[in-house]
Amino acid sequence: MSITRRIFLRNGALAVVGTTALPSFLARAAFGAADQGVRTRRLVVIFQRGAADGLNIVVPHGEPGYYAMRPTINIPKKSVLDLDGFFGLHPAMASFQPLWKQKHLAIVHAAGSPDPTRSHFDAQDFMESGTPGVKVTDDGWLNRALHELSAGQSAPGKSAFRAIALGPSLPRILSGKEPAIAINNLNDFSVGGKNPKAAPIANTFEAMYENSVDTVLHGTGQETFDAVKTLKAADPAHYTPATNANYPRGRFGDSLKQLAQLIKANLGVQVAFADIGGWDHHVNEGGTQGQIANVLGDFSQSIAAFWTDLGDLGEDTVVVTMSEFGRTARENGNRGTDHGHANVMFVLGGPVKGGKVYGRWPGLSEGQLYEGRDLAVTTDFRLVLSEVVSRYLGNKDLKTVFPGFDGESGQFVNFLG
Amino acid sequence: MEMPLRKRRLLLAAALLVTAGLTTQFALGRKKDKLAEAMGMDEQKRAVHALNRLTFGPRPGDVERVTRMGVDKWIELELHPDKIDNSALDARLGPFRTLRMGTKEIVENFPPNPLIKQIADGKAPLPTEPTKRAVYEAQLQRYEDKRERKEDAAKSGAAAGDPQNASGAGNTSSGNDGASVCRDGACPVSGDSTNPADLDQMRRREQRRLANLKTQKLLDLPADERMKEILKMSPEDRQAIATTTKGAKADALMEGMSPQQKETMMALNNPEHVVVNELMQSKMLHAIYSERQLDEVMTDFWFNHFNVFINKGADRYLLTSYERDAIRPHVLGKFADLLVATAKSPAILFYLDNWLSVGPDSEIGLGIAPHRRNRRGYGRNPNNRPSGKRRQASGLNENYGRELMELHTLSVNGGYSQKDVTEVAKVFTGWTLDQPKKGGAFRFEPRMHEPGDKIVLGHRIKQNGGKEGLEVLRLLARNPKTAHFISQKLAMRFVSDDPPATLVDRMAQTFLKKDGDIREVLRTMFKSPEFWSPETYRAKVKTPLEFVVSAARASRAEVEDARALVGTLNNMGMMPYGMMPPTGYSMKADVWVNSSALLGRMNFALGLAAGKIRGVKVDSASLAAGTAAEGPTDPQQALANLEKLLLSGDISKQTHDTISKQLEDPKINQRRLDDPKRPPNVAAITGLILGSPEFQRR
Chain R
849 MSITRRIFLR
859 NGALAVVGTT
869 ALPSFLARAA
879 FGAADQGVRT
889 RRLVVIFQRG
899 AADGLNIVVP
909 HGEPGYYAMR
919 PTINIPKKSV
929 LDLDGFFGLH
939 PAMASFQPLW
949 KQKHLAIVHA
959 AGSPDPTRSH
969 FDAQDFMESG
979 TPGVKVTDDG
989 WLNRALHELS
999 AGQSAPGKSA
1009 FRAIALGPSL
1019 PRILSGKEPA
1029 IAINNLNDFS
1039 VGGKNPKAAP
1049 IANTFEAMYE
1059 NSVDTVLHGT
1069 GQETFDAVKT
1079 LKAADPAHYT
1089 PATNANYPRG
1099 RFGDSLKQLA
1109 QLIKANLGVQ
1119 VAFADIGGWD
1129 HHVNEGGTQG
1139 QIANVLGDFS
1149 QSIAAFWTDL
1159 GDLGEDTVVV
1169 TMSEFGRTAR
1179 ENGNRGTDHG
1189 HANVMFVLGG
1199 PVKGGKVYGR
1209 WPGLSEGQLY
1219 EGRDLAVTTD
1229 FRLVLSEVVS
1239 RYLGNKDLKT
1249 VFPGFDGESG
1259 QFVNFLG
Chain Y
39 MEMPLRKRRL
49 LLAAALLVTA
59 GLTTQFALGR
69 KKDKLAEAMG
79 MDEQKRAVHA
89 LNRLTFGPRP
99 GDVERVTRMG
109 VDKWIELELH
119 PDKIDNSALD
129 ARLGPFRTLR
139 MGTKEIVENF
149 PPNPLIKQIA
159 DGKAPLPTEP
169 TKRAVYEAQL
179 QRYEDKRERK
189 EDAAKSGAAA
199 GDPQNASGAG
209 NTSSGNDGAS
219 VCRDGACPVS
229 GDSTNPADLD
239 QMRRREQRRL
249 ANLKTQKLLD
259 LPADERMKEI
269 LKMSPEDRQA
279 IATTTKGAKA
289 DALMEGMSPQ
299 QKETMMALNN
309 PEHVVVNELM
319 QSKMLHAIYS
329 ERQLDEVMTD
339 FWFNHFNVFI
349 NKGADRYLLT
359 SYERDAIRPH
369 VLGKFADLLV
379 ATAKSPAILF
389 YLDNWLSVGP
399 DSEIGLGIAP
409 HRRNRRGYGR
419 NPNNRPSGKR
429 RQASGLNENY
439 GRELMELHTL
449 SVNGGYSQKD
459 VTEVAKVFTG
469 WTLDQPKKGG
479 AFRFEPRMHE
489 PGDKIVLGHR
499 IKQNGGKEGL
509 EVLRLLARNP
519 KTAHFISQKL
529 AMRFVSDDPP
539 ATLVDRMAQT
549 FLKKDGDIRE
559 VLRTMFKSPE
569 FWSPETYRAK
579 VKTPLEFVVS
589 AARASRAEVE
599 DARALVGTLN
609 NMGMMPYGMM
619 PPTGYSMKAD
629 VWVNSSALLG
639 RMNFALGLAA
649 GKIRGVKVDS
659 ASLAAGTAAE
669 GPTDPQQALA
679 NLEKLLLSGD
689 ISKQTHDTIS
699 KQLEDPKINQ
709 RRLDDPKRPP
719 NVAAITGLIL
729 GSPEFQRR
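Protein sequences, first through last, are from chains R and Y. Here the first sequence is numbered in this note's numbering, starting from 849 and rising by one per residue. Here the second sequence is numbered in this note's numbering, starting from 39 and rising by one per residue.
Hints in this document: simulated from the structure, not taken from any laboratory. Some clues are possibly wrong.
Stated by the list, open to error - Under the rule of at most 35 Å between Cα atoms (straight-line distance), these lysine-lysine pairs were calculated in the DSBU-like manner:
| hint | chain 1 | residue 1 | chain 2 | residue 2 |
| --- | --- | --- | --- | --- |
| 1 | Y | Lys551 | R | Lys1077 |
| 2 | R | Lys926 | Y | Lys565 |
| 3 | Y | Lys655 | R | Lys1077 |
| 4 | Y | Lys650 | R | Lys1045 |
| 5 | Y | Lys350 | R | Lys1045 |
| 6 | Y | Lys655 | R | Lys1045 |
| 7 | Y | Lys284 | R | Lys1080 |
| 8 | Y | Lys699 | R | Lys1045 |
| 9 | Y | Lys476 | R | Lys1077 |
| 10 | R | Lys926 | Y | Lys691 |
| 11 | R | Lys983 | Y | Lys565 |
| 12 | R | Lys1077 | Y | Lys270 |
| 13 | Y | Lys626 | R | Lys983 |
| 14 | Y | Lys565 | R | Lys1077 |
| 15 | R | Lys983 | Y | Lys382 |
| 16 | R | Lys1025 | Y | Lys519 |
| 17 | R | Lys1045 | Y | Lys284 |
| 18 | Y | Lys655 | R | Lys983 |
| 19 | Y | Lys519 | R | Lys983 |
| 20 | R | Lys983 | Y | Lys552 |
| 21 | Y | Lys161 | R | Lys925 |
| 22 | R | Lys925 | Y | Lys650 |
| 23 | R | Lys1025 | Y | Lys284 |
| 24 | Y | Lys188 | R | Lys983 |
| 25 | R | Lys1080 | Y | Lys270 |
| 26 | Y | Lys188 | R | Lys926 |
Said to hold, decoys possible - Just the calculated beta-carbon pair ranges, DEER-fashion:
| hint | chain 1 | residue 1 | chain 2 | residue 2 | range |
| --- | --- | --- | --- | --- | --- |
| 27 | Y | Glu668 | R | Glu1058 | 49 to 57 Å |
| 28 | Y | Pro619 | R | Val984 | 19 to 27 Å |
| 29 | R | Pro1048 | Y | Thr665 | 53 to 61 Å |
Said to hold, decoys possible - One side of the interface only, derived from the structure: several residues of chain R facing chain Y at Cβ under 7 Å:
| hint | residue |
| --- | --- |
| 30 | Phe934 |
| 31 | Met1056 |
| 32 | Val1064 |
This structure is a prediction, so every number in the text was calculated from the model and none was measured. Backbone N, C-alpha and C fix where the C-beta goes; we use that ideal spot for every residue, glycine too.
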């Protein structure tokens, strides 16, 4: 058995490595979070917007129906990166293989929302609000997941970076009463840039928003200026990616690269959100190559680079991926797929019992398909998230995080050790 | 009849406001007594409100102009845009030739890759006209280069080389070594070179060096000679010059050239980019400078409602015509006409994939061979062409059927089922395109159309070929759910994020009674008490587009090049035509109010006022001067003038005091204390006001 980062950490055995100086996370702990005696546990949620085709991502190559249903866009057995003899990864996801082998990466297949909608907009909304079928929920589950934590043992306290979204706007999933900020680009995250002459102007803006009677803008303004100041002090630009962390070019890779910087700068990130689009392949989806291969390459390489980049900090990080629904089991007339139902979720992290595909596989035969056309949902996405929120983040108040959901800890998938 | 009603309304409004204690909020720059102010909508305030809602924001002088004309009369004029002269805007758009071209013409002048490939394969001739030919040759050159690079990479067995990586990797040491092997901008592919990426890099470096020399020579020539010289060059040289000249050097090279010559220069580098760039710039110019502002707001509204993402393949070439020919003519007309125009538009047919949807039991779906005499008609769609390797397209595509009901008409709660989606998809089979990547037009292809009757929302649609689609569109256009959904969205744009149900219901009634007449629905809204209620005044948070455009309008910005404005919107998450999903951009505050966005707005405000936005000029000094001939020397006076001009005086005491205090801060004010005659920093004041909380609302 190889010595994984996890074993090293669990044994707390500095001497085992003992080559260089103090591991960075311990050094950090000594200066920061050590005060509270706990390390910050982080949850990173990644949304694949546009309904990713789970059946071509974690391929059920042992399922006889699969190849018949997808004559031109299937992933041939010889190309699949086999996981357990029945499922295999799309070949564009080779960078996930080491994570699987080290047992940091778990998969939950046939997971999804019980709501039957096939509207991107509604389904994304439901997955972000955490209340399928209920449209009036006005905050997101990731924001609610912080409620209990802020009162209790929350290590980072009131950090402005406690809840962040990478992107130009704050997504539904993070909106709510807990302060959360959106960051598009760390370099632009200030008033007037690095020019010292801009300082008085920045101060004036700050005072202006602080004193404003406009409740909406006042609140956001305050969060913003807190964050700007913290960021300036921490100077995350200083944390360049680790040598082996090769982020692909593009928005998603940039998002995760910047997120890693924030985490490494010890800014108290507790929950974070990033998204990646380009999954809605109604036409010419492609198989081992083509549209889906391209976006999967971007997706998996970015996440793998992020994991590498985090180094020891991965021990205190869980990454969960989701997409609003899956796609039809059969390909359509345009070598693509239409909107379907269940999908696949990835869970990656230090405390994850990886190297296993979890969830009950519902099968692809005519009678097993949802409405005769789509992969059926056998694991409610909220059950997966509940396990992370309660067991890992430590928020036991699941009734608030997922109101109306009766998933109990007894039903958990148990992918967390 | 209107007077008593209004009086009652005003009294109610006054009572509401007094109890809410809001009278203290707007304390500055107003002469009338506070109670009258609180009653909210005197004629001047009504003018500000109307301008904030019906336009992309008032320009200096607009409030006075509308007040003089009478607000109601002005609204009526805006509802009839053809009566408003717009020649100044037309003049600004003059240089953008693609805006006046049909799609085919755009494709011909600015060839996309499939067309270039065809020529490279010898399947189509090069154009003879010299300018056009130059553009084509440059693209051919680029195409061949790319193919060569690919082959090189394949030969050496290198892992999928990304040419972008290769070019970006480094030009740190532009060495003389190796330069001698290359002549005329192209290095021969020598056998001894081990790494094609290195070789490629060397070749590019050399190309750049030679191109720089040539560019220098060109710069010494007068503009007209310059173009002639470029056309005389070999395609390689021309392409090298086009690709290596960027930023200020490119500007210098194009200085003094005619608009068409400039277009050609840009097309040498990337023809597709010219098309996209002209459309995006024109969007900004329309919004900022059109005198027909309501018309423009509605164009933006309807484009967003029938959203198409510009970066989906052929849509880069299709959106120019889409906005101009499918959207604009109907923005104040009948909803049904708008619906039909979008349904038939190549942009939508391509974006929502309907052009590929084939009835499973249609002739093509069943693989029935065409009659000989029909062959010419259908053979042009590459998907219908029987081909050895490709499996015949044979299936329904539900994408359009679903979005038509969910987003264009009934709304997601509109009571349709999955079965309805499938049936509507069948109805629209055969609504297709001839070669969208070459600018092909809409046509109905009976051989793709699903035979038989269809049942949509409980209505039987009799088998009737291409006319079935029209019947379904009519059915959807006059459905009460549609009337409600459209009214709701309009009220969200013009009244509030959560508009009163009573107003939406009345608008929906008008919609149904007047056969979906959009002008009538708007009139119902503009005459409603809800529209004029005091709590709507400056209550809508501006979207990034509304913010950027309103700032440019308020500051009388002179936009020579709108590319930087487009870039600003991109950074703020609202690139023109850049919304990928069909939902379009949100109109609600919560989406657009967040840290990144707020910082983006403050920085843009400062940059705009200081003249640091490339291609955009703002004269803060003359703004601060107000009506006086010369700018004020007193900073407080400048502040007062600018508050009046940029915000019609609607600035809170808190914001005013904050800026005012800064102006008096001796640390900041030192230079002025040393030199009392030195004019105040009006650019900073302008930037602070444009970035203030008050300016974020309309």
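Notebook entry, point to check: With a cut-off of 7 Å, does the beta carbon of methionine 1056 (chain R) approach a beta carbon of chain Y closely enough for the hint to hold?
Noted result: holds (5 Å)
Margin query: Just to be careful, I want the Cα atoms of lysine 188 (chain Y) and lysine 983 (chain R) compared with a cutoff of 35 Å; is the pair within it?
Written below: Roughly 50 Å between the alpha carbons, so the hint for lysine 188 (chain Y) and lysine 983 (chain R) is violated.
Item checked: Holds or violated: lysine 476 (chain Y) to lysine 1077 (chain R), with C-alpha atoms at most 35 Å apart -> Given pair lysine 476 (chain Y), lysine 1077 (chain R) is violated - Cα atoms ~52 Å apart, limit 35 Å.
Notebook entry, point to check: Straight-line Cα separation of lysine 925 (chain R) and lysine 650 (chain Y) no greater than 35 Å?
Noted result: violated (57 Å)
Margin query: What's the verdict on lysine 1025 (chain R) and lysine 519 (chain Y), does the C-alpha distance respect the 35 Å limit or exceed it?
Written below: holds (34 Å)
Margin query: Please verify whether lysine 983 (chain R) and lysine 552 (chain Y) have alpha carbons no more than 35 Å apart.
Written below: holds (32 Å)
Notebook entry, point to check: Between lysine 926 (chain R) and lysine 691 (chain Y), is the straight-line Cα distance small enough, at 35 Å or below?
Noted result: Roughly 71 Å separates the two Cα atoms, so the pair is violated.
Notebook entry, point to check: Taken at face value, is the distance from the CA of lysine 983 (chain R) to the CA of lysine 519 (chain Y) at most 35 Å?
Noted result: holds (18 Å)
Next item on the list: State, for the Cβ atoms of glutamate 668 (chain Y) and glutamate 1058 (chain R), whether the hinted interval 49 to 57 Å holds or is violated.
Entry: Violated: the Cβ-Cβ distance is about 35 Å, outside 49 to 57 Å.
Notebook entry, point to check: Going straight from one Cα to the other, do lysine 1025 (chain R) and lysine 284 (chain Y) come out at no more than 35 Å?
Noted result: Answer violated: lysine 1025 (chain R) to lysine 284 (chain Y) is near 47 Å, above 35 Å.
Note to self: Against the 35 Å threshold, does the CA-CA distance of lysine 1077 (chain R) and lysine 270 (chain Y) hold or violate the hint?
What the structure shows: violated (57 Å)
Note to self: Check whether the Cα positions of lysine 983 (chain R) and lysine 565 (chain Y) lie no farther apart than 35 Å.
What the structure shows: holds (31 Å)
Comparing the model with each numbered hint stated earlier shows that hints 1, 2, 5, 9, 10, 12, 14, 18, 21, 22, 23, 24, 25, 27, 29, 30 do not hold.
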